[in-house]
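Taken in order, these protein sequences are the chains called V and L. As numbered in our numbering, residues 1 to 534 make up the first sequence, in order. As numbered in our numbering, residues 1 to 360 make up the second sequence, in order.
Among these hints, one or two may not hold up.
As the list claims (entries may be wrong) - With a straight-line cut-off of 25 Å between C-alpha atoms, the simulated SDA-like cross-links for lysine to any residue are:
no.	chain 1	residue 1	chain 2	residue 2
1	V	Lys-283	L	His-170
2	V	Lys-6	L	Leu-243
3	V	Lys-343	V	Lys-158
4	V	Lys-110	V	Pro-60
5	V	Lys-71	L	Lys-23
6	V	Lys-39	L	Glu-77
7	L	Lys-282	V	Asp-302
8	V	Lys-289	L	Leu-229
9	V	Lys-289	L	Tyr-60
10	V	Lys-289	L	Ala-58
11	L	Lys-33	L	Asn-179
12	V	Lys-301	L	Glu-77
13	V	Lys-368	V	Leu-114
14	V	Lys-158	V	Glu-365
15	V	Lys-6	L	Pro-274
16	V	Lys-210	V	Pro-42
17	V	Lys-211	V	Val-127
18	V	Lys-296	L	Leu-243
19	V	Lys-283	L	Asp-273
20	V	Lys-483	V	Arg-496
21	V	Lys-283	L	Leu-243
22	V	Lys-289	L	Val-276
23	V	Lys-289	L	Pro-65
24	V	Lys-276	L	Leu-267
25	V	Lys-283	L	Leu-229
Bear in mind the hints are in silico, worked out from the structure with no lab data behind them. Predicted model, so just to flag it, every value in this text is computed and none were measured.
Residue-level listing of the chains:
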Amino acid sequence: MSLQLKQIIIAILSMAIILVLGYVVFTEKEHQLADRQIKIKPDSAGCVRCHGEQNKEGGPGIDPGIVMQWKAGVHAEQGVGCMDCHGLPPAGTGKDILNPRYVVLRTWDKKSGLKELQLVTENGKPVERPDIWEHEGARIITNVTPRTCARCHEKSAKEFIDSRHASAAQFIGSIDNFLGRFVEGPAAANNGCQQCHGSVLRVASFEDEKKPPIYAPDTWPNTGVGRVNMDGSWGSCTACHSRHEFSAEVARRPENCGKCHMGPDHPQYEIFCESKHGIAYVKNAHQMKLNLPGGKWVVGKDYAQAPTCSTCHLGPVAPHGNYPGLEITHDVGARISWTLRPKVSDMPPAIIDKDGTVLLKPPEERRKDMMSVCLTCHSDNWIENFYIQFDQAVELYNNKYGKPSVAIYTYLQKEGIIDKTPMNEEIDYVFFELWHHEGRRARHGASMMGPDYVQWHGFYELSRNFYTHFLPLVMELGEKAGKARQVEHFIDQTLRGPDGKDWEKYHRWTEGLSKEQREAMLSWEQDVYREGGV
Amino acid sequence: MKPSRQSEWLKAFPIDIKSLYEKADEALPHSIKRWWWCWGGLIGLLFLLQAMTGLLLAFYYRAEPETAYATVSFISEHARFGGFIRSLHQWGATFMIIFLFMHMVRVFVTTAFREYRWGAWMAGVILMGVTLGFAFTGYSLVYEQRSYWAITVTANIMAYLPLIGNTAKHMFIAGNEINSNTLSRMYALHVQILPTLLILFGLVHIFFVRLMGMILPGNQRDIEQEKALTAREGVYHFYPDHLASEALVFLYLLLVIALLAISFPALTGPQADPLVTPEHIKPEWYFFPFFHLLKLVPGAAGVIIMGILGMLLFFWPVVDHYFLQPLDKKFWKGRFETGLLFGLIAIGFYLFWAYVELKV
Numbered sequence: 001m002s003l004q005l006k007q008i009i010i011a012i013l014s015m016a017i018i019l020v021l022g023y024v025v026f027t028e029k030e031h032q033l034a035d036r037q038i039k040i041k042p043d044s045a046g047c048v049r050c051h052g053e054q055n056k057e058g059g060p061g062i063d064p065g066i067v068m069q070w071k072a073g074v075h076a077e078q079g080v081g082c083m084d085c086h087g088l089p090p091a092g093t094g095k096d097i098l099n100p101r102y103v104v105l106r107t108w109d110k111k112s113g114l115k116e117l118q119l120v121t122e123n124g125k126p127v128e129r130p131d132i133w134e135h136e137g138a139r140i141i142t143n144v145t146p147r148t149c150a151r152c153h154e155k156s157a158k159e160f161i162d163s164r165h166a167s168a169a170q171f172i173g174s175i176d177n178f179l180g181r182f183v184e185g186p187a188a189a190n191n192g193c194q195q196c197h198g199s200v201l202r203v204a205s206f207e208d209e210k211k212p213p214i215y216a217p218d219t220w221p222n223t224g225v226g227r228v229n230m231d232g233s234w235g236s237c238t239a240c241h242s243r244h245e246f247s248a249e250v251a252r253r254p255e256n257c258g259k260c261h262m263g264p265d266h267p268q269y270e271i272f273c274e275s276k277h278g279i280a281y282v283k284n285a286h287q288m289k290l291n292l293p294g295g296k297w298v299v300g301k302d303y304a305q306a307p308t309c310s311t312c313h314l315g316p317v318a319p320h321g322n323y324p325g326l327e328i329t330h331d332v333g334a335r336i337s338w339t340l341r342p343k344v345s346d347m348p349p350a351i352i353d354k355d356g357t358v359l360l361k362p363p364e365e366r367r368k369d370m371m372s373v374c375l376t377c378h379s380d381n382w383i384e385n386f387y388i389q390f391d392q393a394v395e396l397y398n399n400k401y402g403k404p405s406v407a408i409y410t411y412l413q414k415e416g417i418i419d420k421t422p423m424n425e426e427i428d429y430v431f432f433e434l435w436h437h438e439g440r441r442a443r444h445g446a447s448m449m450g451p452d453y454v455q456w457h458g459f460y461e462l463s464r465n466f467y468t469h470f471l472p473l474v475m476e477l478g479e480k481a482g483k484a485r486q487v488e489h490f491i492d493q494t495l496r497g498p499d500g501k502d503w504e505k506y507h508r509w510t511e512g513l514s515k516e517q518r519e520a521m522l523s524w525e526q527d528v529y530r531e532g533g534v
Numbered sequence: 001m002k003p004s005r006q007s008e009w010l011k012a013f014p015i016d017i018k019s020l021y022e023k024a025d026e027a028l029p030h031s032i033k034r035w036w037w038c039w040g041g042l043i044g045l046l047f048l049l050q051a052m053t054g055l056l057l058a059f060y061y062r063a064e065p066e067t068a069y070a071t072v073s074f075i076s077e078h079a080r081f082g083g084f085i086r087s088l089h090q091w092g093a094t095f096m097i098i099f100l101f102m103h104m105v106r107v108f109v110t111t112a113f114r115e116y117r118w119g120a121w122m123a124g125v126i127l128m129g130v131t132l133g134f135a136f137t138g139y140s141l142v143y144e145q146r147s148y149w150a151i152t153v154t155a156n157i158m159a160y161l162p163l164i165g166n167t168a169k170h171m172f173i174a175g176n177e178i179n180s181n182t183l184s185r186m187y188a189l190h191v192q193i194l195p196t197l198l199i200l201f202g203l204v205h206i207f208f209v210r211l212m213g214m215i216l217p218g219n220q221r222d223i224e225q226e227k228a229l230t231a232r233e234g235v236y237h238f239y240p241d242h243l244a245s246e247a248l249v250f251l252y253l254l255l256v257i258a259l260l261a262i263s264f265p266a267l268t269g270p271q272a273d274p275l276v277t278p279e280h281i282k283p284e285w286y287f288f289p290f291f292h293l294l295k296l297v298p299g300a301a302g303v304i305i306m307g308i309l310g311m312l313l314f315f316w317p318v319v320d321h322y323f324l325q326p327l328d329k330k331f332w333k334g335r336f337e338t339g340l341l342f343g344l345i346a347i348g349f350y351l352f353w354a355y356v357e358l359k360v
C-alpha cells in the first residue's frame with residue numbers, strides 16, 4: 001500500500017472517529033437530560049424561587065432548606081411540586097370524601113378494629129377544612145395529611161391509615177395519657193407523648209384568609225404518627241418519611257423508628273442494637289442499598305446482610321423455598337402475632353371489612369408472614385424454636401406476673417382499699433411499671449432477641465418489683481384498711497391459680513427450700529456448670 | 001532567497017527538527033510491510049489510550065471499599081461521558097491483551113528473538129506480566145463481586161508460593177484477608193507502580209529492538225526476494241511509511257473500540273459482598289489458562305508449575321539458542337506465516353476448551 005493511500009485511509013478513519021464521537025456527544029446530552037433532572041411545575045415555580053432562591057424584595061430565599069430538601073428527593077425528579085401537596089384539588093374533582101379540601105370524620109370501633117370515614121357536611125354541602133388560606137393568589141394548606149399522599153400513593157396510604165400507627169393519638173383515657181396530661185403536666189404531654197403519638201391539631205387564631213392560620217402551640221409543630229389533622233384524618237406520613245425529601249431510605253433505617261420506639265417502656269431500638277440483627281446492620285449498612293427506590297428494596301434479592309425494623313415489619317420479601325415472598329406493606333401490625341403492649345399480652349384477631357376485605361390477617365397468618373421474612377436467612381427449625389422460646393417468655397410474663405398483678409390491683413380497687421383515681425398512690429406506680437416498663441421490656445426483648453432486655457432489664461426487675469415491692473405494698477395497704485387477712489387470702493388464691501398448678505410452677509420457691517431441696521439444687525448446678533458441662 | 005515563514009517559525013526552537021525526523025527513521029526490511037508487524041506498536045498506542053481514559057476516570061474514582069463501587073456507578077451513570085470513557089477503557093484493555101498475545105505469537109513464530117535479541121524478548125515478557133497486572137488490578141478496582149473474589153482467589157494462590165507465600169499474600173492485600181487497605185493497594189499498583197514499570201521496560205524493549213535491528217524472517221528464498229526488493233526500491237522507512245501503517249491500524253482499532261463502547265458499554269456486576277460467595281468464580285477470559293492450570297493441578301504444585309512455565313518463557317531465547325535452533329531449520333523451513341496461523345488457532349482452541357471446561 002502506498003504512503004498516499006495510507007494517508008487517505010487515515011483521513012477517512014479520522015473523520016469516522018469524529019463522527020462517532022459526535023454521536024456520543026449527541027446521545028450524552030440526552031442521557032444527561034434523562035438523568036437527575038428537577039422538574040418544577042409552573043404553579044410551584046414561584047414557591048421554589050421565593051422560598052428557595054430569592055424573595056420578592058430581591059433578598060435571599062425565605063427558607064432555602066425546605067427547597068433544598070425537596071430538590072434532593074424523588075418528588076422533585078417526578079415533577080411533584082409544592083402545590084401538589086400544599087395546594088388543594090378543586091371542588092368537584094373526584095369524590096368529595098377523597099378530596100383533602102373537605103373535612104372528614106374518622107371513627108374507630110376498637111372491638112371490631114374497623115375504622116369508618118364520613119364526609120362532614122353542612123346543609124348538604126361538604127365542609128372545607130378550617131385552615132385554608134390564600135397565599136400569592138393560591139388557596140393553600142400548611143398541614144399536609146395522608147389524604148393528600150393518598151392521591152398518588154393510594155395503597156400505601158390506605159394500609160397506613162388502617163394500621164395501629166395511624167391510631168396512635170387515640171389513647172385518650174389511657175393511663176399514659178392521664179400521666180402526661182395531668183400527673184406530669186400539659187407541657188410534658190405536648191413535648192413528650194404527643195410528639196410520638198400525635199396531637200389533635202387545632203387552629204388558635206385565623207384573622208383572615210390572606211394570612212396564615214396560627215396553629216395552637218400545644219398541637220403544632222407535630223409529626224406524631226397518629227396526628228389528628230385539620231381535615232379530620234388521622235396519621236402523618238412525615239413521621240417516618242421526613243419532609244421535604246420524603247426519602248424511602250430514612251424510613252428503612254432503624255434510627256428513624258428509634259425516635260419513638262426507645263426508652264424504659266418500649267426500648268425496641270435499643271433491643272435491636274443489642275441483637276445480632278443490629279450488630280450486622282451497623283457493620284453492613286453501607287452495603288445494604290438502603291437508597292433503592294420505594295418498594296424496590298427486597299430482602300433476599302437486593303440485600304441480605306442484615307434486617308432493619310422495616311425489613312421484618314414492612315419490607316418486601318423475595319420468593320424463597322416454598323414461600324411466594326411478600327409485598328411491601330405500610331401496616332406495622334401486618335406481621336405481628338402477639339401484642340406486647342398491654343397488661344396481659346394477647347393475639348389481636350383478624351379485622352375484616354364489611355365487604356369481606358381482610359384488613360388484618362388472623363394471628364397465625366400474620367405469624368406465617370413474619371416467619372417467611374425470617375426464613376430468608378434462617379432455617380425452619382431455627383424459626384420454629386425461636387417462636388417457641390418467644391411464646392414461652394410471653395406466657396411466663398402473662399401467667400406469672402401479668403394476670404396475677406392485674407387481678408390483685410383490680411381487687412384492691414374493688415374492695416375500696418385504693419381509690420380509682422389513677423396514679424395518686426405508690427401502688428399505682430409500682431403496678432404501672434410492672435407491666436408498662438419491665439413487663440414490656442422482657443416481652444419486647446424476647447421478640448427481638450435482645451437477651452439483656454429479657455433478663456436484667458426485664459424479668460429480673462419484674463421479679464424484684466413483684467415479690468419485694470408490689471406484693472408487700474399490697475399487704476401493707478390491706479393491713480391499713482383492716483383487711484389484712486382478706487387481702488392475704490386473695491393473694492394466695494391468685495398466685496395458686498384455679499387448680500394450684502401456678503403456685504407449683506411459678507411461686508413455690510418463695511416458701512423457702514428444705515435441706516434436701518438445697519442439696520438437690522446444688523448438685524444440679526454442679527452438674528450443669530462442671531467442667532465440660534452436661 | 002527569502003526563507004519560508006515555516007522555517008522562520010522553527011528557528012524559535014533550539015533544535016534541528018529535520019534531524020529528529022531522520023533520527024526517528026530507521027531502515028527496515030520490506031517484510032515489515034505486513035500488517036501484523038504493526039501489533040507491537042499498537043500495544044504502545046493502546047497504552048496511551050488507556051492512560052488518557054484512566055486519568056479521566058481518576059477524576060471521580062475513590063479507592064475505598066465504601067466508595068469504590070458507588071463512584072464507578074456514578075461514572076457510568078451520571079458523570080458526563082463517564083459511561084463512554086469507562087467503556088473505552090475496558091475495551092481498550094481487552095484489545096491491549098489481545099494484541100499483546102498476538103504480538104508475542106508473531107515474534108515467536110517469526111523467531112524474532114533470535115540472533116541475540118534476548119533483551120527485547122525478556123523485556124517483552126516482563127511487559128506481558130505488567131499488562132496482565134494492569135488487567136487484574138483494573139477489574140479489582142470496580143469492587144464488584146468478581147473483583148472481590150478475584151482478589152481473594154489470587155491472594156490465596158499467592159500464599160502457595162514456596163517460602164515467600166504468606167509474605168507475598170500479606171504484601172499484596174495488606175493483611176491476611178481483604179480489608180480497607182487492599183483496594184488502595186490495588187489502585188497504587190494500577191496507576192503508579194505498573195505504569196512506571198510499563199514505561200521503563202517499554203523503553204528497554206524499544207532500545208533493544210533499535211539496537212539489534214529487525215530480523216529478516218523467512219527461508220532462503222524470502223531472504224533473496226528481500227534483497228532484490230531492496231536493490232530495486234531501496235529500504236523501507238520507519239518514518240513516514242511504517243508510522244503511517246501504525247496510525248492507520250490504530251485509528252481503525254480506535255473506531256472499532258468506540259463502536260463497541262457504544263454498542264456494548266461496560267457493565268457493573270453486583271457489589272462486592274464478602275457474605276455471598278458467587279456460584280461460579282469467573283475470571284476474565286485472559287486468565288482462563290492460569291485458572292485452568294490451577295484447577296488441574298491445585299495447590300503449591302500448580303503455582304510451581306506456573307512459575308517454571310513463566311521462567312521458561314522468560315529464558316526462551318537462551319533455551320532456543322542452545323537447544324532448538326538446529327532442529328528448527330528442519331521443522332519450520334522458514335514458513336513463519338503458517339506457524340503464526342497455527343499459533344493463533346491453537347490459542348483460540350485452548351481458550352475455548354478452558355471456557356467449556358470451566359463452565360463459565
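task: Against the earlier hints, flag every one the structure doesn't satisfy and list their numbers going up.
output: Hints 3, 4, 5, 8, 11, 15, 18, 21, 24, 25 are the ones this structure does not satisfy, whereas the remaining hints hold.
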